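Protein chains in written order, with the numbering used here: chain A, 40 to 255; chain B, 40 to 255; chain C, 40 to 255; chain D, 40 to 255.
Quick caveat, the hints were computed from the structure, so don't treat them as lab data. All figures in this text were calculated on a predicted structure; none of them were measured in a lab. Don't take each hint at face value.
Claimed, not checked - Straight-line distance between alpha carbons at most 25 Å, and here's what the computed PhoX-like set of lysine-lysine pairs gives:
(1) K210/D - K210/C
(2) K111/A - K111/C
(3) K111/C - K111/B
(4) K210/A - K111/B
(5) K111/B - K111/D
Number of protein chains: 4
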Amino acid sequence: MADYDTLGSVFAEGAKMAPPNSDVGDVQRGAGRPRDPRIEQAALAAARELLVEVGYARLTVAAVAGRAGTTKAALYRRWPSLPHLVYEAAFPDDLLKDWHLGADLRADLLGIVVGTRDAFTTPVAAAALPGLLAEFSTHPVLHNALLSRFASVFEAIDDRLRDAATAGEVKAEARSEDLLRLMIGAALIGVLLGPETLDDAWAARITDILLEGIRP
Amino acid sequence: MADYDTLGSVFAEGAKMAPPNSDVGDVQRGAGRPRDPRIEQAALAAARELLVEVGYARLTVAAVAGRAGTTKAALYRRWPSLPHLVYEAAFPDDLLKDWHLGADLRADLLGIVVGTRDAFTTPVAAAALPGLLAEFSTHPVLHNALLSRFASVFEAIDDRLRDAATAGEVKAEARSEDLLRLMIGAALIGVLLGPETLDDAWAARITDILLEGIRP
Amino acid sequence: MADYDTLGSVFAEGAKMAPPNSDVGDVQRGAGRPRDPRIEQAALAAARELLVEVGYARLTVAAVAGRAGTTKAALYRRWPSLPHLVYEAAFPDDLLKDWHLGADLRADLLGIVVGTRDAFTTPVAAAALPGLLAEFSTHPVLHNALLSRFASVFEAIDDRLRDAATAGEVKAEARSEDLLRLMIGAALIGVLLGPETLDDAWAARITDILLEGIRP
Amino acid sequence: MADYDTLGSVFAEGAKMAPPNSDVGDVQRGAGRPRDPRIEQAALAAARELLVEVGYARLTVAAVAGRAGTTKAALYRRWPSLPHLVYEAAFPDDLLKDWHLGADLRADLLGIVVGTRDAFTTPVAAAALPGLLAEFSTHPVLHNALLSRFASVFEAIDDRLRDAATAGEVKAEARSEDLLRLMIGAALIGVLLGPETLDDAWAARITDILLEGIRP
DNA sequence: CACTAATCGAGACGGTACGTCGCGTCTTGTG
DNA sequence: CACAAGACGCGACGTACCGTCTCGATTAGTG
Chain A
40 MADYDTLGSV FAEGAKMAPP NSDVGDVQRG AGRPRDPRIE QAALAAAREL
90 LVEVGYARLT VAAVAGRAGT TKAALYRRWP SLPHLVYEAA FPDDLLKDWH
140 LGADLRADLL GIVVGTRDAF TTPVAAAALP GLLAEFSTHP VLHNALLSRF
190 ASVFEAIDDR LRDAATAGEV KAEARSEDLL RLMIGAALIG VLLGPETLDD
240 AWAARITDIL LEGIRP
Chain B
40 MADYDTLGSV FAEGAKMAPP NSDVGDVQRG AGRPRDPRIE QAALAAAREL
90 LVEVGYARLT VAAVAGRAGT TKAALYRRWP SLPHLVYEAA FPDDLLKDWH
140 LGADLRADLL GIVVGTRDAF TTPVAAAALP GLLAEFSTHP VLHNALLSRF
190 ASVFEAIDDR LRDAATAGEV KAEARSEDLL RLMIGAALIG VLLGPETLDD
240 AWAARITDIL LEGIRP
Chain C
40 MADYDTLGSV FAEGAKMAPP NSDVGDVQRG AGRPRDPRIE QAALAAAREL
90 LVEVGYARLT VAAVAGRAGT TKAALYRRWP SLPHLVYEAA FPDDLLKDWH
140 LGADLRADLL GIVVGTRDAF TTPVAAAALP GLLAEFSTHP VLHNALLSRF
190 ASVFEAIDDR LRDAATAGEV KAEARSEDLL RLMIGAALIG VLLGPETLDD
240 AWAARITDIL LEGIRP
Chain D
40 MADYDTLGSV FAEGAKMAPP NSDVGDVQRG AGRPRDPRIE QAALAAAREL
90 LVEVGYARLT VAAVAGRAGT TKAALYRRWP SLPHLVYEAA FPDDLLKDWH
140 LGADLRADLL GIVVGTRDAF TTPVAAAALP GLLAEFSTHP VLHNALLSRF
190 ASVFEAIDDR LRDAATAGEV KAEARSEDLL RLMIGAALIG VLLGPETLDD
240 AWAARITDIL LEGIRP
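Just need the whole structure built from these sequences, with the hints factored in.
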């Protein structure tokens, strides 16, 4: 995943249009030298390394290119700007791949809390998150990319909560939106203030508060 | 508060500290031309205006200086860097001045939620917050400034919760830290994702969830 | 002359030096986007204009860049500092291109006096000279550039004087070094104290004094 | 010499006017705290030291004040600007105090050459000269100060040469102006290109060339 | 002996230029 | 086409020095 097409569909703003001979439906594999597939991985790996080493603020395109053994132009051919690259490096597409809901409501909520915490407390993610949040407020494209990625998760939780309401496990008026924001917000604050306190006991306490908070 | 001395105690790195024996005739006190107090206010006001007009990312030291009718050097004499100035401009010391707890636990919690939301949804604060969060991870001084500011609030809520536990209103094991982080995190996420949803109904819902969550 | 390579050989500090084995297929030769040759000429022209308009002391890198339609960074890519640019602008390499010695000793000496005066009394040179002299003592690279430029002239005059000594026109112990310094010094002092007195009669008088001074 | 009054007469531009009670002819020794006479000497000494240590270009008012144990304001009370201070430090008023002409024309000329060389090759003067020359072309006040200082010398040499012409020692049309410029120019060039070559043999050679050059 | 007035230290002031850095784009020659 | 290389315009950075100013604290002479 995380390949050119996926990126293009999320970030491209028209410049990455398929070449004119795409009428036959073959993806733009047309004329010209093909892209070196190693560059993509090398760039993401370099970005991850540098994020941990120097932090988001001191991360530069030239440094990523140098570490990846390529040049700035090759990176700008793949990502519209540095934040896009960082976003993909810190939060790859496969982040949510083995995530699912089950029958036990508390286990499901705990899973979300733990999953969010784990996604945020990765050294790479912890280094990238504050900077990316700042970019989100400036670049709506990035913002939407984040939201659309979590849209399916959001819907799934919404359904799960509705089922729980039907089963009488939670209040009918409980909103998945509120719950999710509380969980993500708690994890985010934890990362910003010091991720060392976000142990499993913390996750259990947060889950219990929220679970009791929406019980009928 | 929010005056020159307070600033010095938070940001200065030793040079501006009053010597411990300053109770006697301290000769150095007030040597040199005193700082023009209007510059400080003008700079903070200019920063607030520009934050709303152009946003954090496009905010420039030169622009703040120009709008304030002074020069970059005068600003660097007062704040180590632009984020420090922005922090003080967006979150002045008197932010928490008329804040207090009462007898009604729900009212107290709601007050915190609403107060945090109001502090974060100010146009100035909303513009500054994402950028400042990114800087916090770079500038530990700023980070500590934020934490120390909320330290007293934290203690007060801690005491309030302990009283409530004694009165049987909440669980004995309820932690003010968890509660506070949930409340602040919810407001923060709200600001980052779209502050238009943070109405009074939202505050009431969040308060109710948390209150029920810690009931015995 | 006065082109990119000559500049490199005079001012560059190793980075731009062609490697000694560059006779074979030197891969690095010409890598990257080539420098825009118009910028070099535009910068020199802008410097010349501004030297006359505002003088050396008020000459700014930003002003030269602005007038040349480029930016400071492009200038710093070509010259280590403003004095280097000014030096090349005021005293280009082709300054001595149509200079030669002949059979008449007095005519030769007069030619040097007049040539030096003309080179120094150009509006551009007159504006640049005092400032450059001050920089010479700070930047030895500039100093050496000046000296090496006159080295060939120096040798030619040395030979000419030796021939004249053989022909019995001048004393055997007459030193071209002394003579040249007297001539250049007289012109320099003239420019510094007021170039309006350096007419052709002045040149004739100076030439006659020096010529008689070294007659046997 | 070199005191306040002399300075005032040379440099002051009206600001240093005597107070209104000076009608009785007493120099402004009126009210107010008198100037600390040690500051003047300390500043000149500090300037001399720093000129040799860091050169003219890196010499700053703050550094001179610091080295002299005083402040910038005290210096600006005595000299209109840094070049004025440097000028007086490098070329004090008593420079020409034991200078005179005699009966031997060659000895007189040699004296001027040697005297100029000695005045220019002092470490302090050699460090200050190029920078001061650059300032001269910008600040006519300084320029005039230099010229007026040498005016008497100039006249004396003029007379001396006229006497020599009457005595048949030199051509009638020989100009002291040309001669003096040649001598000063030679010394100046020598300092700029490397003062180590300006030994006594050099002085003798220069003197002989010029003397022969104006012989009838 | 108080009063006046200039100087002292200290250091902030407005102003201006410096040289550097990073961005995202472009223009070469070479696959 | 992609790629390595590196220059390009743009704009901001944080620093340094200038010469001036405003303090409170001396330090004389004057009334």
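Hints versus structure:
| no. | hint | result |
| --- | --- | --- |
| 1 | K210/D - K210/C | 21 Å, holds |
| 2 | K111/A - K111/C | 22 Å, holds |
| 3 | K111/C - K111/B | 20 Å, holds |
| 4 | K210/A - K111/B | 56 Å, violated |
| 5 | K111/B - K111/D | 22 Å, holds |
When the structure is compared with the earlier hints, a violation turns up for hint 4 alone.
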